[in-house]
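Colleague: Line by line, the protein sequences give chains A and B.
Letter by letter, the first sequence follows residues 14 to 306 in our numbering.
Letter by letter, the second sequence follows residues 24 to 334 in our numbering.
By construction, these hints were calculated from the structure, which means they are not laboratory data.
Be a bit skeptical, because a hint or two may be false.
[To be verified] Here chain B is said to cover these stretches of chain A; the calculated rule only asks that three of the stretch's residues, wherever they fall, bring their Cβ under 8 Å from a Cβ of chain B: (1) 86-97; (2) 201-209; (3) 219-230.
[Said to hold, decoys possible] Calculated pairs, DSS-like style, for lysine-lysine (alpha carbon to alpha carbon, straight line, at most 27 Å): (4) Lys197/A to Lys104/A; (5) Lys227/B to Lys329/B; (6) Lys48/A to Lys282/A; (7) Lys102/A to Lys94/B; (8) Lys227/B to Lys142/B; (9) Lys48/A to Lys102/A; (10) Lys296/A to Lys238/A; (11) Lys197/A to Lys102/A; (12) Lys331/B to Lys227/B; (13) Lys227/B to Lys148/B; (14) Lys49/B to Lys18/A; (15) Lys49/B to Lys19/A; (16) Lys94/B to Lys197/A; (17) Lys104/A to Lys282/A; (18) Lys104/A to Lys94/B.
Every residue, glycine too, gets a C-beta built ideally from N, C-alpha and C.
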Amino acid sequence: MRKRKKLLIILPVVAVVALIVTIIALGSDGGSSIKIIGSNTVTPLSSVWAEEFMNTHPDVSIAVSGPGSGVGIAALINDTTDICQASRKIKQSEIDQAEANGVEPYEIQVATDALSVVVHPSNPVSELTIVQLSAIYTGEITNWNEVGGNDAEIVAIARDTNSGTHVFFKEHVVQMEGLPTEDKSLEYGGDVLMLPSTEEGVSQVAYNPNAIFYPGLGYVTEEVKPLAIMQTADSTGVLPSVQTALDGTYPIARPLLFYTDGEPTGVIKDFIDYCLSSEGQEKVIEVGYVPLQ
Amino acid sequence: MFGKTPPDTTAEPGKVLRRRWRLGEKLIESWIFLAGILTIVVLLGIIALLLKEGLPVFWYTPPWEFLFGTKWYPISEPPTFGITSFFVATLWVTLVATAISVPIGVACAAYLAEVAPAKVRETVKPIIEILAGIPSVVMGFIGLMLLSPLVQSAFNLNTGLCGLTAGIMLSLMSLPIIISVSEDALRAVPYDFREASYALGATKWETIRHVCIPGALSGITAAVMLGVGRAIGETMTVLMVAGGALAVPVSPTDPMMPMTAAIASGIGNAVRGGLQYQALFAIGLTLFILTLAVNLIADRVLERQKRKFAR
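Please construct the entire structure, taking both the sequences and the accompanying hints into account.
Modeller: This is the structure we're talking about:
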């Protein structure tokens, strides 16, 4: 009786262990893997690239995740990722931290983004200056009628601090870098909603007639309306598009970057070469971003 | 001591079997002991880690500025760390969740324990358990897609992403805990109490109201505390639904960022050992102390309940 009971326990345990070992053995066929962590903005693009690359190189597996550029850069510094995708440049303090950890950040621009500012299609406002945008996001302007819209409170939506877009928008729009009104002490206002993902922001704008948000060009859908951005009060408003980002007329265009530890080699180099090739750059237009030329 | 079995005075073959049996006993008893110790070690380890990673930030920002400051700008130069808005936000969503889940939960528990026929109780209890098992990200999604537009139109708000929506979703998550524990507490009230009440001419409702619930009050309080603990610690739902605004919320319909969401939206960007990393761990420490306090109170109250009806 005791022997049978023992068998009843031992047999299933052995079976499970054997199953796990078999699965692991089948899985690791000596193929290589690439981890890409970072920007939520770049994720749609790198996902498409990863899929295409895996189709042509079946022994390579690529995992893409997009919690935010900040997360990607932190992973690069902690040496827990192969490629860091970022929608903002790495800061000097982050480079110092990386080098202290023995990591040499190597920057490669893979595409460009025209950072779009979107509102609900029913919103009568169709263009804003950078100064007005800054005032909206610091909480100085609270009603749409102050910028030519309806009498309704503005619901300003942003990304959280994990996001590279949050940082880029803060420096170039809220703090108005490069303009005579530049003010590095400005911060996002207390009523700005900080959401964890770009999709959530876009869906909020599609639903709420008083919302405003800044997704990357690749996330702009038919359900939201991009605004024309005016550099100053006398310039003409420019809508975000592949064309206006390439010819430099759109005021808030930014590079989309890959960072690696030192110059890329092996499978990582092959992947990045594919991304920079003409087929890879065609995919950029398909996804909705701006190719390198 | 371990592994002792009473001496056997029969023939030789029995002796060898006895020795093996004692060794088995010894092994199992030490294994169980180690398992129990492991739990304590893990808990102490967590406390040690929180203190080690979180305390250094208080060299940069004094504790009162950290707890009562209203500015949280972790990536600015120089960074400022003040968590009042997060603390108040946690209190708000917990208050809303408790205000909704306690009356409904206790009433439901009273129904299941006192009034419901056995068949109804058998069907309803598993359904409540299923509610407890729904992943928090699914709850967040339901809150985002279904509840926030309703809240926005019902209360005429600018946006449905606010503490109220988060509180309602959290109440759905604390409800099963409150119902379960309250029902157990109500069932633990000795039947003699009810019989005495009926004997004096009381109706069922009068009995429930004046005898059963007061008798189970300690257990019900413990249930409420456990539900509160669940609401305080919930992250994914509040991250998606509470709005994430940095200003100190003055009403539950303001968009707000509770402490759990604050940690989740910053930890990805924080570089190991950096100032923002330490500040986030300090928030974690605050959260831990808050949850610990709630759990300790629940424990004390449950003990009193047990002693009250010990036979």
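Colleague: Could you run down the list of hints and mark each one as holding or not?
Modeller: The hints, checked one at a time:
no. : hint                 : verdict
1   : 86-97                : holds (count 4)
2   : 201-209              : holds (count 9)
3   : 219-230              : holds (count 4)
4   : Lys197/A to Lys104/A : holds, 15 Å
5   : Lys227/B to Lys329/B : holds, 25 Å
6   : Lys48/A to Lys282/A  : holds, 13 Å
7   : Lys102/A to Lys94/B  : holds, 26 Å
8   : Lys227/B to Lys142/B : holds, 20 Å
9   : Lys48/A to Lys102/A  : holds, 20 Å
10  : Lys296/A to Lys238/A : holds, 24 Å
11  : Lys197/A to Lys102/A : holds, 17 Å
12  : Lys331/B to Lys227/B : holds, 23 Å
13  : Lys227/B to Lys148/B : holds, 22 Å
14  : Lys49/B to Lys18/A   : holds, 20 Å
15  : Lys49/B to Lys19/A   : holds, 18 Å
16  : Lys94/B to Lys197/A  : holds, 16 Å
17  : Lys104/A to Lys282/A : holds, 24 Å
18  : Lys104/A to Lys94/B  : holds, 23 Å
Checked against the numbered hints above, the structure violates none of them.
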